[in-house]
Amino acid sequence: MTARRGIPVASLVLGAALSVAGCTSVFEVPIDTPIQAKLDVTPFQRVHVVGFVAGGAEDVDANMETVRLLRSQLRTKSRLRVIEADPLPLQQVAREQSAPAARSGNGGGATDAAPVPGTMPFPARIQDEKDLEAYEALFANAAYWKKIGEEFQQPLIVTGTVIFRPHQASGIVTQEREVYDQFGRRQVVPMRVYMERKGYILRPKFVFIDGRTGAVLYQESYREERLYPTQQNVPALSSFFEQMDAVLPSFLNTLSTTRVRGSRILLK
Amino acid sequence: MLALALVLSASGAASADARKDAQSQVSFGISVAQRGLWQEAVFRWERAAEIDPTYAAAYNNLGIAFEQLGKFEQAGKAYEKALELEPQNLSIQQNYDLFKEINDRAKRNSGS
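Listed in order, the protein sequences are those of chains E and V. 1 is the number of the first residue of the first sequence in our numbering; add one for each residue after it. 1 is the number of the first residue of the second sequence in our numbering; add one for each residue after it.
Treat the hints as calculated values from the structure; they're not laboratory data. C-beta: ideal position from N, C-alpha, C; glycine also. Fair warning: there could be bad hints in the mix.
[Stated by the list, open to error] Just the calculated beta-carbon pair ranges, DEER-fashion: (1) V:Thr54 with E:Arg259: 30 to 36 Å; (2) V:Gln74 with E:Pro30: 33 to 39 Å; (3) V:Glu73 with E:Asp32: 17 to 23 Å; (4) V:Glu73 with E:Pro121: 49 to 55 Å; (5) E:Tyr228 with V:Ser27: 21 to 27 Å; (6) V:Ser24 with E:Val179: 20 to 26 Å; (7) E:Val179 with V:Glu73: 33 to 39 Å; (8) E:Thr174 with V:Arg105: 24 to 30 Å; (9) E:Val216 with V:Gln74: 31 to 37 Å; (10) V:Glu40 with E:Pro166: 51 to 57 Å; (11) E:Met64 with V:Gln94: 40 to 46 Å.
[As the list claims (entries may be wrong)] Chain V stretches covered by chain E per the calculated footprint, using a threshold of three residues with CB under 8 Å from any CB of chain E: (12) 47-54; (13) 84-96.
Whenever a hint applies, use it, and build me the whole structure from the sequences.
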């Protein structure tokens, strides 16, 4: 009898102890948190990815690839209608705007909308970030962008700069190696090894311009880098898309609400 | 002495009842949240917090629900209340840390 009564008492004591120790049931639950868009794009019906001032690796046309990629993403993941027009030759436009000929009105098309005196010489070829400085005045030329906006019924204009260049680095990296102990058991251990690696750096800057006024609404820069072992021959274009994949969610979040997936722990 | 013991015993029983009622609300909230009915879950967990304002789980779960609904300010307050009640609870701390990352991103987007 004593023994029989002892069990519930013991379980009560255990229960109380667990309760005091704060032991609770836990349930992992997936959540989908909405993150509001960075820009209010409700005044716009259309978006025009006009092109980018781009440079770096010779085997990838960073301008055309970026235009194609952003347009295809916007077509499926934004409510804005994407304007399908040839990208603008922005490097040429920038040069014309800063040239004396443009100031006297000899330029052609939209480029003579508002010449901007260039203060920096244009590089013969854009190879890295510092070569882009001469082109910055182009994005601030509101009169030019307003004229482009008028041609395309005042859309949201997406432009900017893209550098995609090769990069090499050597140093100590941690790799996982399989080892077998004296009993033949397999283990995976981290090992630090010296390695020569090559890859690419991607530096896009996206500039969002109001096609009604020509004013810059928002701009954001990114930096991605991928390095691969020298014996791994990764095509430049493949690395370009791999890095753009990392940047795209943030780009799209500029124009539309995105949802971030995660999980949390519900308590009882 | 006997009267004091009776009063303490009665208040203990009352708070145990409150916790039990709150727990049943929390349980129901969990079952509906797992089916994606977050508004209903919020209603249940708010009710649980009203019944037993010392019940950290109710506030933790409210934090999660508000996060899911994009109500970041309310989510932050709920998590903070849960942590105030159970500062050593690692699950609440982990949820709060993950929430702060999302909240920082949302704040950057809104420019505030």
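Do the hints match the structure? See the list:
The hinted range of 30 to 36 Å is satisfied by Thr54 (chain V) and Arg259 (chain E), whose Cβ atoms lie roughly 34 Å apart. Restraint check, Gln74 (chain V) to Pro30 (chain E): a C-beta distance of roughly 20 Å breaks the suggested window 33 to 39 Å. The supplied range of 17 to 23 Å is met by Glu73 (chain V) and Asp32 (chain E), whose beta-carbon atoms lie about 19 Å from each other. Against the hinted window of 49 to 55 Å, the Cβ-Cβ separation of Glu73 (chain V) and Pro121 (chain E) comes to about 51 Å, which satisfies the hint.
A C-beta distance of roughly 51 Å is found between Tyr228 (chain E) and Ser27 (chain V), which places it outside the suggested range of 21 to 27 Å. In this structure, Ser24 (chain V) and Val179 (chain E) break the distance hint of 20 to 26 Å, their C-beta atoms being roughly 54 Å apart. In this structure the hint that Val179 (chain E) and Glu73 (chain V) lie 33 to 39 Å apart at CB is violated, the actual value being about 52 Å. Look at Thr174 (chain E) against Arg105 (chain V): about 29 Å separates their beta carbons, and that is inside 24 to 30 Å.
Checked against the hint of 31 to 37 Å, the pair Val216 (chain E) and Gln74 (chain V) passes, with Cβ atoms roughly 34 Å apart. Glu40 (chain V) and Pro166 (chain E) have their C-beta atoms about 55 Å apart, which keeps the hinted 51 to 57 Å range intact. Checked against the hint of 40 to 46 Å, the pair Met64 (chain E) and Gln94 (chain V) passes, with Cβ atoms roughly 45 Å apart. Judged by the Cβ-Cβ criterion of 8 Å, the region 47-54 of chain V is not covered by chain E as claimed, because only 0 of its residues qualify and three are needed.
For the region 84-96 of chain V, the stated coverage by chain E is satisfied: 7 residues place a CB nearer than 8 Å to a CB of that chain, which reaches the threshold of 3.
In this structure, the earlier hints numbered 2, 5, 6, 7, 12 are contradicted, and the remaining ones agree with it.
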